[in-house]
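In the order they appear, the protein sequences are chains A and B.
According to the numbering used here, the first sequence is numbered sequentially starting from 1.
According to the numbering used here, the second sequence is numbered sequentially starting from 1.
Hint data in this document are derived by calculation from the structure and do not stem from the laboratory.
Certain hints may be false.
Chain copies aren't distinguished; within one or between two, either way the pair holds.
Stated by the list, open to error - Using 27 Å as the maximum straight-line C-alpha spacing, the simulated DSSO-like pairs for lysine-lysine come out as follows:
| id | residue 1 | residue 2 |
| --- | --- | --- |
| 1 | 221 | 327 |
| 2 | 78 | 203 |
| 3 | 225 | 214 |
| 4 | 342 | 274 |
| 5 | 212 | 78 |
| 6 | 327 | 225 |
| 7 | 225 | 47 |
Now for the letters of each chain:
Protein chains: 2
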Amino acid sequence: MLNFTVGPVMSSEAVRAVGAEQVPYFRTPEFSEVMFENERLVKQFAKAGENARVCFMTGSGTASMEAAVINVFDAQDKVLVVDGGSFGHRFAELLEIHEIPHEVIRPAFGQGVTAEQLAAYDGRGFTGFLVNLDETSVGVLYDIGLISDFCRRNGIFLVVDSISSFLCDPFDMEALDVQVMITGSQKALACPPGISLVVLSEKAVERVYGKKPKTMYLDLKLALKNGERGQTPFTPAVGTLRQINCRLREIEASGGVDAEVARIGGLARYFRGKLTEYSLPFRIVSASLPNAVTPLSPTGGVSANDIFITLKDEYGIWVCPNGGELKDTVFRVGHIGALEEKDFDTLLGAFRDMMSRGLL
Amino acid sequence: MLNFTVGPVMSSEAVRAVGAEQVPYFRTPEFSEVMFENERLVKQFAKAGENARVCFMTGSGTASMEAAVINVFDAQDKVLVVDGGSFGHRFAELLEIHEIPHEVIRPAFGQGVTAEQLAAYDGRGFTGFLVNLDETSVGVLYDIGLISDFCRRNGIFLVVDSISSFLCDPFDMEALDVQVMITGSQKALACPPGISLVVLSEKAVERVYGKKPKTMYLDLKLALKNGERGQTPFTPAVGTLRQINCRLREIEASGGVDAEVARIGGLARYFRGKLTEYSLPFRIVSASLPNAVTPLSPTGGVSANDIFITLKDEYGIWVCPNGGELKDTVFRVGHIGALEEKDFDTLLGAFRDMMSRGLL
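Excised from the complex, chain A in its bound form (with noise of 0.2 Å):
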């Protein structure tokens, strides 16, 4: 199977190989090195600055965004969300089940937040803001040098969500003063599932150190405790933190983080070159588009899922559905994880095959 959807995405043969390997025992010095080699690399391509810290969460993104909801936010927080799908949402819901007062700003559908949009909130106590910066559901791009400039000029701890933009759209946590920056094992990092990621800055790291979450398991301050030494409070899914480092080696080796944006754009702009050239039936839905994926509804009256469907069972190919109010409408292609552009040329000649044979 060819896979397009936004995570889990294909894996290079190197990290495939030590999928193969025997998991080893990890409370070694060995095994601290490869997780301060990982820490290192992360900083330096989340651009965080020499003093920040990373947690290697083993769980789901999800994980990530309730871990560092709270233990950075509590009731005394006022926070404001940005709630533009569903991952967004997820977020809004995470500060409902912890009581942490916010509100939230709604996009129009396919649509960035606006200046005017975050102007209305200006000075009106917040402590707090959380964004999805590539809402994946939708494929938009949230513009990060507004929201930043809008945290600053407030004062507000700002808290990203970057799982589906790491690696993917340029980001500078540092010049951004972004304070924590989430992402996930199967995005761009093109790694199985089941690590995720929570970077802090160090005014981050001291603010965890002041909170007293009601958890054990999402409780920042053990990740970082033990991080010190290189090691995880709880048996950690070992052999994925070891593609991990496989796959950070050869993203260092070919070029670093702005070598890899650069790389998932190229893809991104051939992919969406090649849509107009072809007039495929096909209306792209964000005004804001991330690196990482384009969200597309069908135009000729054909189901979004039914392409799904169709492209999975006879040609071999994963393209990533939605579910939900959009399931018929919008379906998103991935331009993550072991994919070149021979790989789009075959997605692009099963859709022209589809068109041939009326199901376009």
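Starting from the known structure of chain A, arrange chain B on it as the hints suggest.
Just chain B, lined up with the frame of chain A:
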């Protein structure tokens, strides 16, 4: 490296081959089938009964320990917890963090819980009981029959952490009136770490649906609901879940849970017999041995941790060190994972070689 730790352990060739495969997209009927089969086989091997359910959590064993505690108990409960080592202590800490009233039974080092100890808690209004069936940190298997009787006669809801005992020691969830059983992917399931499992009896499922823990990630209701269609609420460790499927099928093909328990028990007896036969300078420190592990204390004045290091660095063998105050006095030899008698011969040969070198 030859791995005799208690996790991560060595995996079979077939499980490793799955680790080398691309991780598939998972919101598909194909992956749901894998999950349904996983649930069916885990229930069968736990002897959990037709109406039990299994939640597959992407996380360490501690994630499922915390999930179990907060999804079945609350401030109205009064829980008795066996704290006989670091894992029992973790349960006590979880009860503390979540402000669930509790009392602690502390067995003597290396000892199980006795009928007399339990009798002291009869009729004292306890509503819950928490125990790590195999307290792996010290290699003590508690008498689940005794505990089950105590819970039955007091009408107590019994939660058992079987992380290191599942597939190793005889266990019948339904016959023992165990309501919740926890296990993990990296013990006798012999897959990479990253997935822990919570098996819920019908009564436990009902109880979970009646509780509102303040968490999203560890809310078992979400896992149960999504599990009805063979799915998980958040992107799980899809690769590990496919490896678990491979391994469960292996066990089924080799005669099921009883055959696997017999196999691991046979290896434990083989190793323990040879320890005596070769007069190795170790004392077994547990009076109630589980099949998964043999805890050994060196009698020749050598540090247990030094033995771990020598075996690792000079013989290519991992045994399982202890942390904390047992660091120098106890190490452990596991009998789980893809191990055969000849592997134990290798380990025993290394011990004898170390003796001849004056290192034991």
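Hints, verified against the model:
{"no.": "1", "hint": "221 / 327", "in the structure": "between (40 Å within a copy, 24 Å between copies)"}
{"no.": "2", "hint": "78 / 203", "in the structure": "within (18 Å within a copy, 40 Å between copies)"}
{"no.": "3", "hint": "225 / 214", "in the structure": "both (17 Å within a copy, 25 Å between copies)"}
{"no.": "4", "hint": "342 / 274", "in the structure": "within (12 Å within a copy, 59 Å between copies)"}
{"no.": "5", "hint": "212 / 78", "in the structure": "both (18 Å within a copy, 24 Å between copies)"}
{"no.": "6", "hint": "327 / 225", "in the structure": "between (43 Å within a copy, 20 Å between copies)"}
{"no.": "7", "hint": "225 / 47", "in the structure": "within (22 Å within a copy, 40 Å between copies)"}
The earlier numbered hints are all upheld by this structure, with none contradicted.
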